[in-house]
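Top to bottom, those sequences are chains A and B. Be aware that the first sequence starts at 1, since it is given in the working numbering, and climbs by one per residue. Be aware that the second sequence starts at 1, since it is given in the working numbering, and climbs by one per residue.
Any given hint could be a false lead.
Said to hold, decoys possible - Each computed DSS-like pair below joins lysine-lysine, with the alpha-carbon atoms no more than 27 Å apart:
#1 K251(A) to K332(B)
#2 K232(A) to K289(B)
#3 K119(B) to K113(A)
#4 K271(B) to K232(A)
#5 K224(A) to K119(B)
#6 K63(B) to K251(A)
#7 K332(B) to K257(A)
#8 K257(A) to K292(B)
#9 K2(A) to K201(A)
#10 K232(A) to K299(B)
#11 K271(B) to K257(A)
#12 K271(B) to K251(A)
#13 K232(A) to K292(B)
#14 K62(B) to K251(A)
#15 K163(A) to K2(A)
#16 K251(A) to K299(B)
#17 K62(B) to K182(B)
#18 K50(A) to K200(A)
#19 K65(B) to K182(B)
#20 K289(B) to K257(A)
#21 K182(B) to K63(B)
#22 K257(A) to K326(B)
#23 K50(A) to K251(A)
#24 K292(B) to K251(A)
#25 K299(B) to K326(B)
These are calculated hints, taken from the structure and not from any lab test. The structure displayed is predicted, hence computed values, not measured ones.
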Amino acid sequence: MKILVAIKQVLERDAQVRVAADGRSIDEGDAAWTINEPDAYALEEALQLKEREGAGEVVVLCAGPERAASTIREALAKGADRAIHIVTEEEGPGSLAGRDTLGVAALLADAAKNESPDLILTGLQSDDLGAGQTGVVMAELLGVPHATLILQVERIGNGLRVKRELEGGWYQHVEMPLPALLTIQSGGNRLRYATLMGIKKAKSKETRALEAGVAAAAVAEIAKVYPPERVKRTEMLTGSAVQIAAQIVEKLTFEVKVL
Amino acid sequence: MSGSGVLVVVEQRGGDGGWNRMSFEALAAGQALAAELGVACSAALVGVADVIAPLAAELAGKKIKTVWAMDHPLLEQYTPDAWCVALEQLIAEVQPQYVVFPHTYQVRDFAPALATRLKQVLISDVTAIRHDAATGPVFVRQWMQGKLNANYRHSGDGVCLVSVQAGTFRADSVEAGTAELKSFSPTLDASQIRTVPGAPFREAAQMVDLTAAPVIVSVGRGIGEQDNLGIVEELAHALGAELAASRPICDNGWLPMERQVGSSGQTVAPKLYLAVGISGAIQHLVGMKGAKTILAINKDPDAPIFEIADIGVVGDLFEIVPALTKAIGEAKQQ
Ligand SMILES: Cc1cc2nc3c(=O)[nH]c(=O)nc-3n(C[C@H](O)[C@H](O)[C@H](O)COP(=O)(O)OP(=O)(O)OC[C@H]3O[C@@H](n4cnc5c(N)ncnc54)[C@H](O)[C@@H]3O)c2cc1C
Ligand SMILES: Nc1ncnc2c1ncn2[C@@H]1O[C@H](COP(=O)(O)O)[C@@H](O)[C@H]1O
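Same shape as in the complex, but just chain A (with noise of 0.2 Å):
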């Protein structure tokens, strides 16, 4: 089975986060970079189905400047076969930021289709935009069948069978042909780390540069990005480690009354 996952390049989960000069995308700064959380687990998915398998090709699928080699360096050395680069440009029109979810998807389905992948997984969600959507509507471009929030992918015949996750703690099986597009929830799998060998092994494998075609107009276009208001209610204790837990204590006697 040849298994496309698209990952994507997100700014480490602590870094602060500044609103950059133009006043309608993120300062970059010197912040550091990662694989998004959700398609660690994409990954990791696509890795374990291939060794189930014991064949087949993991091509891993990522649209964004110069800067997301270092992610897709990471992927080939947890065990991708090889990797697509779409170049975009830093900022400006030709960047990721010009483009709306449709224009994002777009890139991909486009890498995507000269691939003719059996199965191609995304994450369910990006850390940074947080749209959720680019996965379904690569699928919707591809004229492939799709399923969401995915935790488990089993082969059964022709197709797939996998597990689907539902809202508050309840679970469904969906089955498809393939080809078909998953976007996978984190906490199917444990996460692998690359291993030293992996590290090595990846500096042969190849990734292939595509350039990124020019951006559509926006249909959803971000007029401002701010910090947001913070409606502060809390009640803040302020103090030594000690002082600070004499007066949880005194709180938690007195006032919500559990001890």
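Following the hints, put chain B with the ligands in place on chain A, whose structure we already have.
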């Protein structure tokens, strides 16, 4: 704009066919948007007649122009294909300017594809709708899991699709009134449905019921490593509390899934919810915001958890938690 009016697509649960309560939040958002624009608000139900008829009857008592009951035997169980085909036809019939959805897991599954068919982009997980007479409505979305807000506008003259985040519009603010009921039978063929859904199920015997716990200590990614969990376990023990967690802790297998609180896990409402190293992402908040008192310990003063916490401590949990455990122990001795 070519269309007119607001259409709210509401949702019933897959298992027993009762309401997904977020439907009423979407309805509240739709009514408010329609009022602001001076247009009518309608609603749509998708399913089979015997399931949606009682729900449609309930909506008939709301301030809605038309309740569209869209039924077809192939809509008995949710599939993204059937929902897209059916709703595309209803949208062609009704010609709304805005379509509003609750941002449920089901909507996540089909609405982006529906938007693509309509050559649109769903503006998803909206936390507020602001009105700007010059440019039309502005839809506020969260970036970076709530660290930033982004204002979105819909451009072009096509239909605008929006989904609203859980808890941002009040279900109890839905206005009462009277609505006309209309049924709509979409043209739908089994060959258009490519996926086969199974019935909803739960994992075998859930051993931990957090919903009845009066005190919960909940731990998040701020704990850093599995080996550090001991300090929160000791705190929970001192308080006689149940231990719960945010998703990443369960994803890593550090605590079992059944201790997860949030939209995919349990919904709890204890007297005290003590959140340790939890940022306060919306999917976590929906599971615990009903707690009577929320106490949050987080090193980041801007963490979204402080927007709903009653008592907050900005600091290092590795200092605060052991000190608190000790102080509680001492208080109990007295
Ligand atoms: C469809 C969907 C469903 C989901 N369902 C759920 C769900 O049911 N439950 C759930 O919880 N999540 C769920 N999530 C995930 C959710 O979006 C968040 O990613 C998750 O809740 C974050 O967990 P966290 O707060 O523990 O981690 P983070 O967001 O990483 O936050 C860690 C926090 O710890 C603080 N911290 C770090 N070190 C320290 C220290 N030394 N002392 C004090 N504080 C410290 C940091 O400042 C930070 O605020 C879901 C997501 C999606 C998309
Ligand atoms: N620029 C990108 N490159 C590769 N994959 C992406 C990109 N943007 C989004 N994706 C994929 O789409 C998923 C959902 O993203 P989003 O719709 O932004 O929430 C992510 O988890 C990725 O798998």
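**Asked** Which of the listed hints are not met by the structure?
**Response** Checked against the structure, the hints that fail are numbers 6, 14 and 23, while the rest are satisfied.
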